[in-house]
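Asker: One-letter residues, chain by chain:
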Amino acid sequence: MLSGKEELLNKLKEAAVNGDADEVTKLSKKVIEIGIDPLEAVEKALIAGVLELGEKWINGEAFIVDMIAAAEAMKAGLSILKEEIVKRGGSIKYRGKIVIGTVEGDIHDIGKSIVASLLEAAGYEVIDLGVDVPAQKFIEAIKQYNPDIVGMSALMTTTMLKQREIIEAIKQANLRDKVKIIVGGAPTTEDWAKEIGADGWAPDAASAVELVKKLLK
Amino acid sequence: MAKPRIKVLSDEEILEIHWRSLSILSKVGVKVDHKEALELLRSIGAEVNLNSRVAKIPEYIVKEALDKTPNIVRLYYRDGRRFIELYGDNTYFDVGSAAYYYMDYKTNEIRRPVSRDLAEVAKVADFLPNTHIMSTALVPSDIPEIIADRWRMYIVAKNCTKPIDTGAFTLEGIPDAIKIMASIIGEENVSKKPFMIFAACPSPPLKWSELTTQNLMDCAKHGIPVHIIPMPQTGGTSPATLAGSIVQSNAEFLAGLVIAQFTKPGSPIVYSGSPNVFDQRFATPCTGYIEVGLISAAISQLAKFYNIPSAAYTMVSDSKTVDPQSAIESSLGALISVLSGINMAIGSGMLLEENCISLIKLVIDDDIAGSTLRFAKGIHVDVDTLAEEVIREAGPGGLFLKHKHTREWWRKEHYIPRLFDKRTYDMWRKLGSKDLNTIARENVEKILKEHVVETLPKDVERELDKTMKSIAHKYGIEKLLEI
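First to last, the protein sequences are chains V and H. Note that numbering that gives the first Met the number 0 gives residue 6 to position 7 of the first sequence, counting from 1, and the numbers run on in steps of one. Note that numbering that gives the first Met the number 0 gives residue 392 to position 393 of the second sequence, counting from 1, and the numbers run on in steps of one.
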């Protein structure tokens with residue numbers, strides 16, 4: 000027989016895996032209600048569930064949309080549990096903090112959003128600046144959030160050049176040493192990343208997660 | 000909902016082909032090398048010459064036979080529970096039958112098959128989601144020819160749960176097949192829930208051999224489905240013209256239909272065909288010519304005109320190896336099959352005209368079959384799929400990836416290929432830069448390693464072994480080969 004706590008955490012994990020944000024919200028409230036350690040709920044249910052789904056996705060058994068739904072569900076749960084964790088004087092231990100955005104002049108959302116979701120699913124805190132992000136906004140975000148990594152996406156050969164400009168601007172602002180910078184997007188290459196002085200490059204979303212893990216080791 | 004369909008003949012052209020076939024049957028007749036069948040034909044009003052063995056069959060007899068023919072043919076699984084139904088525009092894919100050669104998936108060598116190979120083909124076919132019918136695909140060389148037909152049924156029945164497309168090379172073939180089926184589903188169910196369908200091929204032009212006629216009548220007597228397979232060979236055993244080949248094979252089919260329906264009314268018959276092109280350059284009977292597709296589609300239309308299920312050898316390639324040609328010929332054949340509503344698309348896994356089975360081609364053909372079946376379903380249009388609300392919610396520049404609708408519908412709307420590569424170039428390189436043949440070979444290995452075929456109940460298996468032993472015993476074979 001499972002205890003009531005184990006049963007609830009199992010249900011919460013299942014709801015996260017299923018990407019059912021409503022159910023996750025409901026169960027997260029219940030976690031607080033019956034006094035289960037919210038940190039434990041985050042780690043053993045939400046993060047564990049999403050990581051499990053991540054494995055499935057790598058093996059081709061789940062879809063990107065499932066991953067994203069799971070990441071969204073996890074976030075829904077986090078927003079509730081976080082408050083309680085703070086109240087108890089604790090904090091969620093993310094594996095790292097990442098600021099991500101598609102560069103100025105480029106409104107391609109999908110690749111960047113997939114990377115953001117996969118990173119969230121892998122246990123990172125992600126601040127998504129959206130699309131068409133100018134250098135100044137990246138700089139402000141670095142100051143405000145103090146991230147470990149800044150990720151820049153560009154889907155066009157024309158906007159790819161912005162990646163260089165933004166890195167230069169970050170240097171100008173004397174912030175280059177504070178963060179690692181990674182770049183990606185269809186026209187980019189490993190050579191391009193080296194040429195513009197980025198710390199890393201990934202050809203696809205799954206590799207981007209691997210790259211982040213490697214850089215933050 | 001408009002579904003994509005093709006027609007290669009107009010209604011008038013179908014009628015004219017029908018009339019011309021009837022004219023051939025009544026004026027020229029067919030040669031039937033079978034005394035009992037000739038007597039049967041004479042008794043129902045055909046003009047029979049016992050010396051030349053030619054029977055001229057009048058139109059009204061053909062009409063009567065057509066009236067007696069069922070419109071739906073049900074093929075059961077080995078368990079007597081599950082079944083597929085051949086009718087309408089449904090297409091089911093069927094592994095090519097009776098190949099004399101086998102392409103070893105490990106070495107790509109073309110060699111004579113052994114029983115173990117046939118068991119492996121059966122196991123793979125049992126797994127494949129878009130391959131619905133297994134055949135007695137190979138003629139194993141490690142068993143005496145005289146019992147090879149029944150030995151194949153035995154091996155396949157043991158290693159695959161799906162319906163079996165088979166044939167008999169001997170006069171005892173059908174009676175023994177009935178015993179084999181009876182040992183699995185019980186004697187009382189052989190006629191009710193047969194899990195085998197038999198091939199009966201008239202010998203073009205206009206001939207029914209003794210063996211084939213006997214097989215046809217044996218099946219009819221027991222209510223076992225038969226697909227009658229005319230094999231016109233343009234410019235060889237039939238006219239060079241497609242229309243002429245169709246007229247002739249239609250006459251051959253109708254003659255068989257008459258024999259079956261007057262042997263026993265209501266016999267389940269499928270209008271099948273294995274048209275081929277006699278290549279005048281190399282004297283080869285080719286099954287991958289695009290005209291084979293045209294004749295096959297015409298057969299399907301004629302079958303629908305008669306309200307009889309259809310079949311055709313559309314998945315066979317003339318290629319000597321698994322290569323672009325083999326994939327192209329199968330793909331065209333598969334698409335033609337689903338678009339013309341051929342109920343049994345036969346020949347998955349086949350190369351070398353109809354002489355070789357390759358497991359690598361079989362697993363690729365399964366993805367081709369899945370893709371074309373999806374295509375035939377067409378575009379699903381309703382309020383939910385038109386998604387106006389979803390587009391509104393996403394708005395200009397929005398992202399559908401996070402929408403519930405995407406999650407629900409993406410998997411429903413697409414055929415997700417098991418083998419065709421859809422990764423990025425970098426992912427593909429990271430995974431070893433594998434071409435389709437390599438991926439297919441690895442898939443074959445994985446299926447053989449991981450797939451578990453539902454086993455027969457122990458007592459049923461014992462009964463089946465006993466039956467096979469008693470068949471072998473008739474030919475002085477006392478010990479069965481261990482597979």
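Keep in mind that the hints are not guaranteed to be accurate.
[Said to hold, decoys possible] Derived DSS-like pairs: lysine-lysine, alpha-carbon spacing no greater than 30 angstroms straight-line:
no. : chain 1 : residue 1 : chain 2 : residue 2
1   : H       : K465      : V       : K55
2   : H       : K303      : V       : K28
3   : V       : K43       : V       : K212
4   : V       : K43       : H       : K403
5   : V       : K10       : H       : K403
6   : H       : K220      : H       : K445
7   : V       : K212      : H       : K421
8   : H       : K429      : V       : K193
9   : V       : K55       : H       : K303
10  : V       : K28       : H       : K403
11  : H       : K55       : H       : K303
12  : H       : K468      : V       : K216
13  : V       : K136      : H       : K401
14  : V       : K25       : H       : K411
15  : V       : K74       : H       : K411
16  : H       : K445      : V       : K179
17  : V       : K179      : H       : K2
18  : H       : K55       : H       : K220
19  : V       : K55       : H       : K403
20  : V       : K55       : H       : K448
21  : V       : K96       : V       : K177
22  : H       : K433      : V       : K10
If you're looking for bench data, these hints aren't it; they were derived computationally from the structure.
Asker: Please go over all the hints and tell whether each is borne out by the structure.
Answerer: How the hints compare with the structure:
1. Between H/K465 and V/K55 the CA atoms are separated by roughly 46 angstroms; this puts the pair beyond 30 angstroms, and the hint is violated.
2. At most 30 angstroms may separate the alpha-carbon atoms for a hinted pair to count; H/K303 and V/K28 exceed this at roughly 62 angstroms.
3. For the hint pairing V/K43 with V/K212, the CA-to-CA distance comes to about 20 angstroms; that is within 30 angstroms, so the pair holds.
4. Straight-line distance between C-alpha atoms of V/K43 and H/K403 comes to about 26 angstroms, which keeps the hinted pair within the 30 angstroms bound.
5. At most 30 angstroms may separate the alpha-carbon atoms for a hinted pair to count; V/K10 and H/K403 meet this at roughly 21 angstroms.
6. Distance check on the hinted pair: H/K220 and H/K445 sit about 42 angstroms apart at the alpha-carbon level, beyond 30 angstroms; violated.
7. With a CA separation close to 26 angstroms, the supplied pair V/K212 and H/K421 stays within the 30 angstroms bound.
8. Distance hint between H/K429 and V/K193 is fulfilled; the C-alpha atoms sit about 20 angstroms from each other, no more than 30 angstroms.
9. Restraint check: the Cα-Cα separation between V/K55 and H/K303 comes to about 46 angstroms, which exceeds 30 angstroms; the hinted pair is violated.
10. About 23 angstroms separates the Cα atoms of V/K28 and H/K403, which keeps this hinted pair within 30 angstroms; it holds.
11. Annotation: proposed proximity of H/K55 to H/K303 holds, straight-line Cα distance about 25 angstroms (limit 30 angstroms).
12. This hinted pair does not check out: H/K468 and V/K216 have alpha carbons roughly 66 angstroms apart, beyond 30 angstroms.
13. Taken as a hint, the V/K136 and H/K401 pair is honoured in the structure, with Cα atoms around 24 angstroms apart against an allowance of 30 angstroms.
14. For a cut-off of 30 angstroms, the pair hint linking V/K25 to H/K411 stands: about 29 angstroms separates their Cα positions.
15. Straight-line distance between C-alpha atoms of V/K74 and H/K411 comes to about 27 angstroms, which keeps the hinted pair within the 30 angstroms bound.
16. Taking the CA atoms of H/K445 and V/K179, the gap is near 42 angstroms; set against the 30 angstroms cutoff, the hint is violated.
17. Straight-line distance between C-alpha atoms of V/K179 and H/K2 comes to about 54 angstroms, which puts the hinted pair past the 30 angstroms bound.
18. Restraint check: the Cα-Cα separation between H/K55 and H/K220 comes to about 23 angstroms, which is no more than 30 angstroms; the hinted pair holds.
19. Straight-line distance between C-alpha atoms of V/K55 and H/K403 comes to about 20 angstroms, which keeps the hinted pair within the 30 angstroms bound.
20. Distance restraint check for V/K55 and H/K448: the Cα-Cα separation of roughly 21 angstroms lies within the 30 angstroms cut-off, and the hinted pair is therefore satisfied.
21. A distance of roughly 12 angstroms separates the Cα atoms of V/K96 and V/K177; the hinted pair therefore holds under the 30 angstroms criterion.
22. For a cut-off of 30 angstroms, the pair hint linking H/K433 to V/K10 is broken: about 40 angstroms separates their Cα positions.
Hint compliance for this structure: hints 1, 2, 6, 9, 12, 16, 17, 22 are broken, all remaining hints hold.
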